[in-house]
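Chemist: Listed here are the chains, written in short residue letters.
Protein chains: 2
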Amino acid sequence: MMKNALFGGVNAAILTPQKDDLSPNIPMLVRHAQWLLANGCDGLGLLGTTGEANSFSLSERTAIIEGVVAAGVPAAKLMPGTGACAITDAVDLTRKAAEAGCRGVLMLPPFYYKGVSDDGLFAFFSEVVQRLGTDKTKIYLYHFPQQSAVPFSLALIERLLKAYPTVIKGVKDSSAQWANMKAMIDAFARDGFEVYSGSDEFVLDILKSGGAGCITAASNINSSVGAKVVQTWTTPEAEGWQKILTATRKATTIFPPISCLKAIMAHHTGTPSWTNLRPPHTRLSAEQTQKLLAALGETGLTLPKAA
Amino acid sequence: MMKNALFGGVNAAILTPQKDDLSPNIPMLVRHAQWLLANGCDGLGLLGTTGEANSFSLSERTAIIEGVVAAGVPAAKLMPGTGACAITDAVDLTRKAAEAGCRGVLMLPPFYYKGVSDDGLFAFFSEVVQRLGTDKTKIYLYHFPQQSAVPFSLALIERLLKAYPTVIKGVKDSSAQWANMKAMIDAFARDGFEVYSGSDEFVLDILKSGGAGCITAASNINSSVGAKVVQTWTTPEAEGWQKILTATRKATTIFPPISCLKAIMAHHTGTPSWTNLRPPHTRLSAEQTQKLLAALGETGLTLPKAA
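Top line first, the protein sequences correspond to chains A and B.
Quick note: our numbering has the first sequence finishing at residue 330, numbered continuously throughout.
Quick note: our numbering has the second sequence finishing at residue 330, numbered continuously throughout.
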C-alpha cells in the first residue's frame with residue numbers, strides 16, 4: 024500500500040440525497056458524509072458519477088461543496104469531482120473547491136466529443152492547470168471509459184505528469200480493468216502518483232501492488248468492511264473481508280447502481296426520500312428493491328447503525 | 024418538402040468564433056451569422072456540436088444567445104442548442120432562449136450516463152417540459168449517437184410526442200443513417216413533426232421524402248448551394264447541386280470537421296483568429312490546411328464573397 028497518499032485507503036463516491044423537487048438535500052448529505060467518515064471512510068469522493076455530479080448545474084455543485092464544508096465536514100477529506108466539458112466550468116469549480124479547502128479534485132476529461140486526440144486532451148488539461156495558476160490543489164484524473172467514453176491513455180498521463188508534476192497527483196480508474204490499474208502503478212507510482220480503484224473487487228489487489236486505495240460506489244454501504252481490508256491487507260484475514268466487498272459490489276449492480284444504493288439507504292435509514300434521484304436515472308420498483316435487498320442479504324455485509 | 028416547418032430549408036450549425044483567450048467573439052459571430060443568412064441560410068443552429076456548445080459554460084452560452092439577438096440577428100431564425108446533462112441547466116438555457124425570442128431549441132439528451140433507459144430519458148424530458156411550463160418554445164430532439172452516445176429510439180420519440188404534442192416539434196438526425204431519418208419521417212411527419220438531416224449528403228433525399236430540411240456543419244460554407252437544392256428539389260437540376268453538398272461534406276471531414284471549417288473561414292476571410300477553438304479540439308497544421316484547401320478546391324464549391 025502506498026504511503027502518504029493524500030486520500031489513501033477507502034473513499035466513498037458519495038451519493039447525493041435530494042429533496043422531492045430534486046434539489047440537493049445538503050443536511051442529509053452532511054449526515055451521510057459524517058456517518059461514512061465514522062464508519063471506515065478515509066475520505067469522500069464528493070460529486071462523482073455516483074453522486075450524479077453532471078446532473079447538477081455548476082451553481083448547484085458549488086453550493087454542495089460549500090454547504091458540506093460549512094456544515095463541518097473536513098475539507099481535507101473531500102475530493103470533489105470538478106471535471107466538465109467546458110474548460111471555464113472545470114476551472115471555476117476547481118477554484119471553488121480550493122477556496123473551500125479541498126486538497127485534491129477528481130477531474131473527468133471533456134466528455135461530449137468522442138474520438139478526440141491525446142493532443143486535444145493534453146491541451147484541455149494544460150489550459151485548466153495554467154488558468155488555475157497554482158499547484159496547491161492536486162488534480163486526480165478520472166478514467167471511466169464506460170461512462171465518459173473518453174479514456175486516458177498511459178501516454179497522455181505520462182505527458183501530463185511530465186508537464187505538471189506538482190499538480191497531476193493520481194488517477195481513479197473505474198475501467199474495472201486490473202491490467203490497466205497495474206500498468207499505471209508500475210509506470211507512475213514510484214513518483215508518488217496515487218492510483219485508486221473505482222471498483223471494490225480490486226481493493227486488496229491494489230493495496231498489495233502499491234496503489235493508494237479505492238473510491239467506489241459501494242463504499243456508501245460497505246466502507247466499514249473496506250476499512251478492514253486496509254487494516255489487514257498484509258495478513259490472510261484480508262481475503263475474507265475482500266470477499267464481502269466483491270459480493271456487495273456484485274449485489275448493488277444487479278440494477279443500475281445509483282438506484283440500488285439509494286434504495287438500500289432508504290431502507291436502512293427508514294427515509295423514503297433517499298430514493299429521490301435525477302433523471303435519466305430512475306427509482307427501483309418495489310419488486311426490484313426486494314430482489315436487491317435479498318441479494319444484499321447474501322453478501323455477509325452488516326451495515327453500521329444508521330445515523 | 025414539408026410545408027410550414029419553422030426552420031424549413033437550410034440551417035447552418037454555426038461555428039463559434041473565439042478571441043485569443045478562447046472567449047466567444049460575439050461581433051465576429053454576428054458577422055458570420057449575417058453572412059450566412061444573406062447567402063442561403065434559412066436559419067441558424069446556434070450552439071450545436073459544431074458551435075462547440077458544450078465547451079462553453081452556461082453563462083457563456085447565455086451571453087452568446089443574448090449577444091447575437093441584441094446585435095440584430097433575428098431571434099426567429101435561431102434554433103439554439105440548450106441540451107445539458109443537468110435538467111436545471113437545460114431549463115435555464117431554454118428559458119433564456121425563449122426570452123430572447125427564439126421559437127425553437129435543439130436539445131441533446133443528458134449525455135454523461137450511458138446505457139440509460141427510455142423511461143429515464145422520458146422522465147428527463149418530461150421534467151424539462153413541465154418546468155418550462157409553456158409550449159411557446161418548441162423542442163427539437165438532437166439525435167447524434169456518435170457524439171452523445173445516447174440515442175433517441177423511435178419508441179421514445181413516439182412517447183414524447185404523445186405526451187407533449189405541442190412542445191416536441193421535430194428532430195435533428197446526425198446519425199448519418201438514412202433509414203433512421205426515413206423511418207422518423209414516415210412515422211411522425213404527418214403530424215407536423217419536422218425532420219432535419221444533420222448531414223449534407225441527405226438534403227435532397229430528405230426534401231423528396233417530406234422532411235423539413237437540414238442543419239449541418241458544412242452549411243457554414245456551402246449554404247448558397249444548399250439553397251439551390253431547396254429551390255430546385257423538384258427538378259433534375261437539384262442533383263448537380265446535391266453533388267456539391269456531398270463533396271464539400273466529404274472534403275471538410277478529412278480532418279476533424281470543426282477544425283476544418285474554422286481553417287476554411289480563416290483562409291476565406293483572411294482572419295487568422297478564425298482558427299481559435301477550445302480544446303479538446305485542435306487547430307490544423309499548415310500542411311493539413313493545405314490538403315484541406317486542395318480537397319475543397321475539387322468540390323466545385325465557390326464560397327460567397329466574405330463579409
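Don't take each hint at face value.
A pair counts as met if it fits within one copy or between any two copies, since identical chains are not told apart.
[Stated by the list, open to error] In silico DSS-like pairs for lysine-lysine, Cα to Cα no more than 30 angstroms straight-line:
1. Lys159 <-> Lys328
2. Lys119 <-> Lys273
3. Lys137 <-> Lys314
4. Lys119 <-> Lys42
5. Lys314 <-> Lys119
6. Lys273 <-> Lys159
7. Lys266 <-> Lys137
8. Lys185 <-> Lys42
9. Lys137 <-> Lys42
10. Lys119 <-> Lys205
11. Lys100 <-> Lys42
12. Lys314 <-> Lys231
13. Lys266 <-> Lys26
14. Lys185 <-> Lys266
15. Lys26 <-> Lys119
16. Lys251 <-> Lys42
17. Lys205 <-> Lys137
Calculated directly from the structure, the hints in this document are not laboratory data.
Chemist: Now tell me, hint by hint, if it's right for this structure.
Modeler: Do the hints match the structure? See the list:
Taking the closest pair of Cα atoms, Lys159 and Lys328 never come within 30 angstroms of each other, the shortest separation being 37 angstroms inside a single copy and 51 angstroms across copies. Proximity of Lys119 to Lys273 under the C-alpha cut-off of 30 angstroms is found in neither arrangement, the shortest distances being 35 angstroms within a copy and 44 angstroms between copies. Taking CA atoms no more than 30 angstroms apart as the test, Lys137 paired with Lys314 passes between copies only; the shortest distance there is 24 angstroms, against 36 angstroms inside one copy. Taking identical chains as interchangeable, the C-alpha atoms of Lys119 and Lys42 lie at most 30 angstroms apart whether they share a chain (24 angstroms) or sit on different chains (25 angstroms).
Proximity of Lys314 and Lys119 under a CA criterion of 30 angstroms is satisfied in neither setting, with 41 angstroms inside one chain copy and 44 angstroms between copies. Taking CA atoms no more than 30 angstroms apart as the test, Lys273 paired with Lys159 passes in neither setting, with 37 angstroms inside one copy and 47 angstroms between copies. In this assembly of identical chains, Lys266 and Lys137 lie within 30 angstroms of each other by CA distance solely across copies; the values are 28 angstroms between and 36 angstroms within a copy. With identical chains, the CA atoms of Lys185 and Lys42 are at most 30 angstroms apart between copies only, with a shortest distance of 29 angstroms across copies and 44 angstroms within one.
Taking the closest pair of Cα atoms, Lys137 and Lys42 come within 30 angstroms of each other only across two copies (25 angstroms); inside a single copy the shortest separation is 34 angstroms, beyond that limit. Taking identical chains as interchangeable, the C-alpha atoms of Lys119 and Lys205 are never at most 30 angstroms apart, the minima being 33 angstroms within one chain and 48 angstroms between chains. In this assembly of identical chains, the alpha carbons of Lys100 and Lys42 lie at most 30 angstroms apart only when taken from the same copy (25 angstroms versus 39 angstroms across copies). For a Cα distance limit of 30 angstroms, the shortest separation of Lys314 from Lys231 qualifies neither inside one copy, at 34 angstroms, nor across copies, at 52 angstroms.
For the homomeric pair Lys266 and Lys26, the shortest alpha-carbon distance inside one copy (24 angstroms) is at most 30 angstroms, but the shortest distance between copies (64 angstroms) is not. Taking identical chains as interchangeable, the C-alpha atoms of Lys185 and Lys266 are never at most 30 angstroms apart, the minima being 38 angstroms within one chain and 48 angstroms between chains. When the C-alpha separation of Lys26 and Lys119 is checked against a cutoff of 30 angstroms, the pair qualifies only within one copy, where the shortest distance is 28 angstroms, while the shortest distance between copies is 50 angstroms. Within a single copy, Lys251 and Lys42 get their C-alpha atoms no closer than 33 angstroms, and across copies no closer than 54 angstroms, so neither meets the 30 angstroms cut-off.
In this assembly of identical chains, Lys205 and Lys137 lie within 30 angstroms of each other by CA distance both inside one copy and across copies; the values are 26 angstroms within and 26 angstroms between.
Checked against the numbered hints above, the structure breaks hints 1, 2, 5, 6, 10, 12, 14 and 16 and satisfies the rest.
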